[in-house]
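Chains as they are written, first to last, in our numbering: chain A, 1397 to 1748; chain B, 1397 to 1748; chain C, 1397 to 1748; chain D, 1397 to 1748.
One or more of the hints may lead you astray.
You can't tell identical chains apart in this list, so a pair holds if it fits in one copy or across any two.
In the PhoX-like style, the derived pairs of lysine-lysine whose C-alpha atoms are separated by at most 20 Å in a straight line are [stated by the list, open to error]:
1) LYS1466 x LYS1564
2) LYS1700 x LYS1525
3) LYS1492 x LYS1466
4) LYS1399 x LYS1507
5) LYS1657 x LYS1564
6) LYS1651 x LYS1504
7) LYS1524 x LYS1700
8) LYS1524 x LYS1652
9) LYS1504 x LYS1625
10) LYS1625 x LYS1700
11) LYS1700 x LYS1624
12) LYS1700 x LYS1540
13) LYS1493 x LYS1525
14) LYS1504 x LYS1700
15) LYS1669 x LYS1540
16) LYS1493 x LYS1467
17) LYS1428 x LYS1504
18) LYS1478 x LYS1466
19) LYS1625 x LYS1669
20) LYS1652 x LYS1466
21) LYS1700 x LYS1651
Since the hints were derived computationally from the structure, they do not count as laboratory data.
4 protein chains.
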Amino acid sequence: MAKPLLEVAILGGSGYTGSELLRLLLSHPHVKVTAVTSERSSGTPVADLFLHLRNTDLRFEPLDLRALAKKADLFFLCLPHKTSQETAAFLFNAGKKIIDLSADYRIKDPKVYREWYNTPHLFHSLLKKAVYGLPEVYREQIRKASIIANPGCYPMSAILGLAPIIRKNFVDPNTIIIDSKSGTSGAGRSPSQPFMFCEVNESVKAYAVTSHRHTPEIEQELRSISRKKVNIVFTPHLMPMDRGILSTIYIRTSKKIDLQKVQNLYQDFYRDKPFVRVLGNGIYPATKAVKGSNFCDISVFLNKRSSQGQTLIIVSAIDNLLKGASGTAVQNMNIMYGFDETAGLLNAPHFP
Amino acid sequence: MAKPLLEVAILGGSGYTGSELLRLLLSHPHVKVTAVTSERSSGTPVADLFLHLRNTDLRFEPLDLRALAKKADLFFLCLPHKTSQETAAFLFNAGKKIIDLSADYRIKDPKVYREWYNTPHLFHSLLKKAVYGLPEVYREQIRKASIIANPGCYPMSAILGLAPIIRKNFVDPNTIIIDSKSGTSGAGRSPSQPFMFCEVNESVKAYAVTSHRHTPEIEQELRSISRKKVNIVFTPHLMPMDRGILSTIYIRTSKKIDLQKVQNLYQDFYRDKPFVRVLGNGIYPATKAVKGSNFCDISVFLNKRSSQGQTLIIVSAIDNLLKGASGTAVQNMNIMYGFDETAGLLNAPHFP
Amino acid sequence: MAKPLLEVAILGGSGYTGSELLRLLLSHPHVKVTAVTSERSSGTPVADLFLHLRNTDLRFEPLDLRALAKKADLFFLCLPHKTSQETAAFLFNAGKKIIDLSADYRIKDPKVYREWYNTPHLFHSLLKKAVYGLPEVYREQIRKASIIANPGCYPMSAILGLAPIIRKNFVDPNTIIIDSKSGTSGAGRSPSQPFMFCEVNESVKAYAVTSHRHTPEIEQELRSISRKKVNIVFTPHLMPMDRGILSTIYIRTSKKIDLQKVQNLYQDFYRDKPFVRVLGNGIYPATKAVKGSNFCDISVFLNKRSSQGQTLIIVSAIDNLLKGASGTAVQNMNIMYGFDETAGLLNAPHFP
Amino acid sequence: MAKPLLEVAILGGSGYTGSELLRLLLSHPHVKVTAVTSERSSGTPVADLFLHLRNTDLRFEPLDLRALAKKADLFFLCLPHKTSQETAAFLFNAGKKIIDLSADYRIKDPKVYREWYNTPHLFHSLLKKAVYGLPEVYREQIRKASIIANPGCYPMSAILGLAPIIRKNFVDPNTIIIDSKSGTSGAGRSPSQPFMFCEVNESVKAYAVTSHRHTPEIEQELRSISRKKVNIVFTPHLMPMDRGILSTIYIRTSKKIDLQKVQNLYQDFYRDKPFVRVLGNGIYPATKAVKGSNFCDISVFLNKRSSQGQTLIIVSAIDNLLKGASGTAVQNMNIMYGFDETAGLLNAPHFP
């Protein structure tokens, strides 16, 4: 432990993603959090806004980039999109490393970004340098990256569910349907009527059908992994719970296949990936089993009833704030800086 | 109101479905409940087992069919499958009418029944007489029926979502995927670890993937309505809420279609069906909006991104204990006896 | 039914209390709702804001008192305090009857009102005419009233729990502790961070300890009923559920008493009060058993362990939006207009 | 880290308390879990019963005391009462140390034990040796103990709330009322209708009023700390949430007191107690802020309205499975073995 601690800062720390990141980094063995910002809560002790975080004397400070640039080597950006674009560029030019939890550096094609986010991308060369922070697929590129585009929560659950088979010829990449169920923390902490307790409790509904911004992100990565044209149907749902995404993924096979072989493919693909657990035959992933952890649980099923080919059903479960956001951000940091990939991420979650 | 009240009995009244039926029938304008049975709670006042039902002096009695047959003209059966088979046959032979909420008379083909329910069907001629109690499709047959097979909860949400288009040539009936999310009351009131509060709360999971018993029921009815071969993929999920089923249904189109025309088809199909509400463009069904009511809310969406044709996405929401069980049972009774189809079923549900 | 329907209007109908009132009144046999207002949603169909209320063509309209005064005979006010004060005065002068669900006409002493609500009361003579709308105590006065101050939700649960014994000499009115647990709907529908799903879910906390505005209301009524000086300790708590208030009430006895006699007192007091159920020995009130109903369930217990006298423990359960607000408002209307006291209020609530 | 790890075993590991203990011990820096028992699940891998616990190869084994005694030095007993009595005696005679999470060694007076637990205590001399495992009060005795009676969950929340003032003359120990609200995990994992999801969800109720077994435990400890006669009124409530106990405690003062001075007393009492946080003026404890942690949050309020003296209101919040059971058990172990008192217990809980 003679090595000096890595100094990190969190920009935008008053939301659920920021506070989860802070929770992880405060107990990380190789890191020291030197700053955390919040425009609205500037000056307030972190422990006042988040009663569960008492082991810190940090106070929120304003987003003064010049001052902040002197305080840390690595910056986690939990800022709104567009703001993140500019902030990342400033910090990169100041020689800093960046893990951006917004969507700003995820979409490689600026035209697609503009179409879905209603704002132009102004930093094309930096966009090209950004590595999509999916450690289970891009570990080597992450190791050398200066700027990481941390994946969205739905894309994480969908891509991990499909990565092991999307390259294979026995599946038809144009039949993918992703039906995702998410807890409410994904919507953030800002007051809004649809996310009030009495509106969410005891209800489930679909939203943003055919129009959710994570659609092009999922398609881009599935195309990149498979080197095929991929079009998906993606339907997110809002659930009456705090955390968790369960994605039920459907894909048609182009010929008869054997379930056991597919399960073996998954086991092989994730053998040396410490945070993906391929569950045994007939065991169902549940969001509660991964709540509070960085794990992704996956099971694969085969429906043979269809008369036109068969359908693979893949179910994946993650905690949207951990594997779906802040946990993967820490995992990416671990890889970038040569720490153990699981450092600070292996505490078993509580149950119930 | 000079007409005498119809005398009805509920066999198997100590579960959630039975108590919901009792709640509806106790305030129904044309009905008198003369008996309600429960083996385990025989002798107990209903109000002791169900504190929310105080306006009744009924006591649970044992399932003594000879005695019961004298007490009512119409019998609602909320019994386990197999028991229901025999009980229905006895009552039918005694000249009674039956609404069976079990699965015993739903599956027309005894071989299919035996395959999925692990027991033979012993009353083939009565099975032929049974009418599938889906009022939005079989209203005329229900009017004349002596025995009604009341639909399952998942089939109700799935069939109502597909009935208006399944006959049409522009959809491919072999691409149907039904992804359903259900509250916990569907699992009944008997103690069981997976349905304990701490197991269900804050979690979502899939179960019975490719093997749920409602699969052949859905396929049978979709075939019957469409007069085509239909194979489905059906995935049920358990949700942390008491009531409600949201079904997200996917079906590929065989040619380019216009969403507005499809929505018009739904509007036309359900125009004179008092309990189905086709929601306007961009409004999302939510289980909370139908909780405690007999309504089914439906919205239709079109995904044009797929390169191979398009995908229709239909979302339907019901209360599993009402439109998915006891509410439809009362609606069927109303039709059988010439009451107003909505009698006793129009109280707006509370919110939140 | 030859009698013409009573025309009523709801002022402030876009919150939870207003929509609950609307739900009840739309299915009330003797009433026609002619107007419902909302400043923010003026022009919007009610069914668009509240998907569960489809059997109405009403649209929200602005609060134009001159126009509204021509539309109805009875006005329900679900307005913020202070606004309610003035609105009630205007309508009273126009010869209308008023049921005010705000706090403006509950506190008899204008000084106490000013102290707790931070605004003066400007209509002292109307304040004197207002009857506190607690039907179980003031039924005769309500019958003749022109303006009703509908009780607060916590006061309703507390006063019904204490009314049968507070006059008796065997209890000490200065030892009352009221520990109340409330669902979240009591906080209203306006967006606010502390009432977001992720803040309320999986948590319980006390709030407004020693300072809640319902304190003087409870004390005023307990004094009025007992004709003694009464000081209470009142602690409200926020619960992770939509509806329901459970109040656990403690009061010391000044001599040894017999629990059975106390239970008889409660039975006698509430014998002809259709909405209060005194539960049998050892049965515990639960908010779920009254959810969606206008009932108040009460049980009484006796703790004999204390060395200094004994302690009575009274537990009461109500639905805060029904018996705690809109249900009692309808009950008051029924009494004022000579309808059956239970008209429109006897539908059994659903369970679970 | 050259020191050998302490070998520990958990007897009765298939419930919520046992699995929580396992979770904590598996990541504890100074401990190795060598055995965990379960009669019902003997032979099953722990990871199959508890999907959230994957970083262990442990299997449940039967309760064979002779074999187990060779496997560990310290035994955690999560067994039913009576079984625990005998098991502890066997292990003590075998020279082992014991932390008993059942109630068997908590009640010092065997007559009181027999009265409340309906079974005699057969090991009086061992009972005398047992130390009540409340580290904030008995740290020195715990350090030297061979057998610890780990406190009950409700007593923990109540005693921590009262310990700083119960010795003081300005409070009246015969006016204590403890109104506690608990999550459902306290009821254990065995299937039981009252704890099914649909029964608990959306409801709150009191239970075991005047008769809960934690009553004599709380009184015994308050007497021991205060050296006065103490009689309490204790009312537990069941809440629709997994974890957490909030206790709202009322005690009358015998003279006028100053709130700030009382708060200072609390600050002083808990200054060197790492797991108790006395919150600042006007900050309310919430169970969510301590969920998943070993902290107890406490706030103190003063009601001056009473005409007969004043009432102190103390609110305490704990996680019933951590500070209320397994967390304190680990804390006791840390003290017994000279580890840092917070070892393995300082991970910040997640939020939301």
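### Message
Of all the hints numbered above, which does this structure not satisfy? Sort the numbers upward.
### Response
Hints 1, 2, 4, 6, 7, 8, 12, 14, 17, 18, 19, 20 contradicted; others consistent.
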